[in-house]
Amino acid sequence: MDPVIITPQKWLEPFRTAYDTIKNLPVRERGLAVYRKLFEMGEKHSDITEFLVEVEQENLLWKLCSEDALGILDISLSGTDPLDKGLTYSMRRNREAWDASVCEADAHYLQDLLSADIAKTTPRLLQPEHYVLCLGAHLMVYRGPKGKEGIMEMIATGNCPQPAFMSCASNMVVAKIQARRTIAIINRALGLSFDDILADEFLRCKLIASSNVCGLSKAYVQSNPNLLDILADAFRHEIDPDLSLMDAIQRESSLTFGRWRMPDDREVEKAKAIARSTFQDLPYFQYEDQLQGSKIHVGMGEGFDINL
Amino acid sequence: MQNGLYTGGAAAMAMDRVYANKQAAEEMGWTDVAAFCEDIIQKIKVEPYYTFTHYNLWTDLQAKKDPWLKTIEGFHRLFVDFMEYDDTRSDPERALSKMAEDLKMLSKPSSDFATLAAIPSFRALIDCSDAYYKEFTETVCKAVATGRLDTIQWSAASCQDQIEQLWDKRNTLLEACRHWYSQEVRPPCLRLSPENADGHYKLIAIE
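These protein sequence lines map, in sequence, to chains U and C.
Mapping to my numbering: the first sequence position 147 is 147, numbers consecutive.
Mapping to my numbering: the second sequence position 85 is 1085, numbers consecutive.
Calculated from the structure, these hints are not laboratory results.
Bear in mind that the values here come from a model prediction, so they are computed numbers and not experimental data.
Glycine residues also receive a C-beta, built at the ideal position from the N, C-alpha and C atoms.
A hint or two may mislead.
According to the in silico footprint, chain U covers these stretches of chain C (three or more CB under 8 Å from chain U) [unchecked claim]:
1. 1092–1099
2. 1106–1120
Heads up, simulated PhoX-like pairs for lysine-lysine below, C-alpha to C-alpha not over 25 Å straight-line [unchecked claim]:
3. Lys1169(C) / Lys146(U)
4. Lys120(U) / Lys63(U)
5. Lys1169(C) / Lys206(U)
If you want the footprint, here are the derived chain C segments under chain U, 3+ residues with CB under 8 Å [as the list claims (entries may be wrong)]:
6. 1047–1053
7. 1068–1075
8. 1124–1133
9. 1144–1157
10. 1192–1202
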């Protein structure tokens, strides 16, 4: 019986099948480029041994996995807020591990270490944000329509039912005490003062209520652009010095921050459209529909799952 | 196939992977995971076909790791629940219920919260001062031991005179309030994230 001669073309057949399943997904372009390189190499050689040696020298079989993964992670990262370390940590660390891996065992080793590191570090990075969100909630009650703004509006318009007035005044009192307690906890736990929070570009934005409207926390819609100044002013000049209710409302006459209101549905939709148009050139927004789902499988056979 | 070359190659690759898992487990102190890997290595050495016949090998390995990862997650959750509770101390029942769920996640290297809290690698999971960490651990230990947590009854009663004064003198605040009310209502805006971690957010109008 004649021996079966395996040509590079024949050997590459399963790879063509794998290629065909992802060839219409531009989000996988980095991986697809490696497949194409492999096929070109197959065309160049007629001898299977010479072909496999060159494939090995270029480490192409591993790059089918790693380049695909790196491409997907880079695209995903482009849709994130780079200041949000808690959100981006796992993606950035995963990218580093893929970049450093030269073979499957290497990747398993690094991914193993990484899974524990991500489990340990991501929540730790999110912890300071939790404290600041709590403080922000108290400040919003103190200064907002259920607190100081509510009282001022009732007085200004003359529509001043006593129960509603008393309720807003009570809310102001309680929110002030709670905010003072929370900043004391933040100081005791993290060693951060209110000024430290304001000096942190990411943390200070957690003081105000806002919602993500684009990608993976790429853009947020918030009320009054001066809201942070309004809350900071209330903290510095009323809450921290423990100003009385009378004095807190009296001092308002010198301020010109403007009133605020929450965004309505139409404004949220418009904000989404503006954000999308602003970031349309970023890879994430070109391939967003292909990144749906929590994981993408890379490599042949067992391969790896890229968690997004 | 008959000369064992393919089997040997596949076995060697599987062995590399198990070795990698073992090394990672040893570095993290996950002793039972490392022992499980060593057992697999020995089995592959004796029987190269082991990786083909033991279909659940990687699933079983992951199952060994999961309790360690779950414990870390549970410990983190306990701290977040403590933080939320400690902020106002107004809903101890909710905090107790959440903590009870989190405590069930603890198992490796111990299911006892106090034991874990004393381990340096678990202390390192929490971003806070030593003093606050002590408050956290004492509070959770108390919850575990007694099933109870302290409550603060928030009330404006201590400032009732201020509230009444505000109501009585509300007309004297008319000018300040009208001034505020005459200000424009600023429309909501969009906050765009920067290009890199050294950048700043940018506010733009929605209209």
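Consistency of the hints with the structure:
Coverage of a stretch by a chain is defined here by at least three residues with a beta carbon nearer than 8 Å to that chain's beta carbons; for the segment 1092–1099 of chain C and chain U the count is 0, and the condition is violated. Figure legend: the segment 1106–1120 of chain C, annotated as covered by chain U; annotation inconsistent (0 residues with Cβ-Cβ distances under 8 Å, at least 3 required). Using a Cα cut-off of 25 Å, the hinted pair Lys1169(C) and Lys146(U) holds, with the two alpha carbons roughly 20 Å apart. A distance of roughly 29 Å separates the Cα atoms of Lys120(U) and Lys63(U); the hinted pair therefore is violated under the 25 Å criterion.
Between Lys1169(C) and Lys206(U), the direct Cα distance comes to roughly 36 Å. Violation of the 25 Å bound is thereby established for this hinted pair. Only residues whose beta carbon comes within less than 8 Å of a beta carbon in chain U count, and the segment 1047–1053 of chain C has 0; fewer than three means the coverage is violated. By the rule of at least three residues with a Cβ nearer than 8 Å to a Cβ of chain U, the coverage given for the segment 1068–1075 of chain C holds, with 4 such residues. Three residues within the 8 Å Cβ limit are the bar, and the segment 1124–1133 of chain C against chain U gives 8, so the coverage statement holds.
Only residues whose beta carbon comes within less than 8 Å of a beta carbon in chain U count, and the segment 1144–1157 of chain C has 3; three or more means the coverage holds. Residues of the segment 1192–1202 of chain C with a Cβ under 8 Å from some Cβ of chain U number 9, which satisfies the need for three, so the listed coverage holds.
In summary, the numbered hints that this structure violates are 1, 2, 4, 5, 6.
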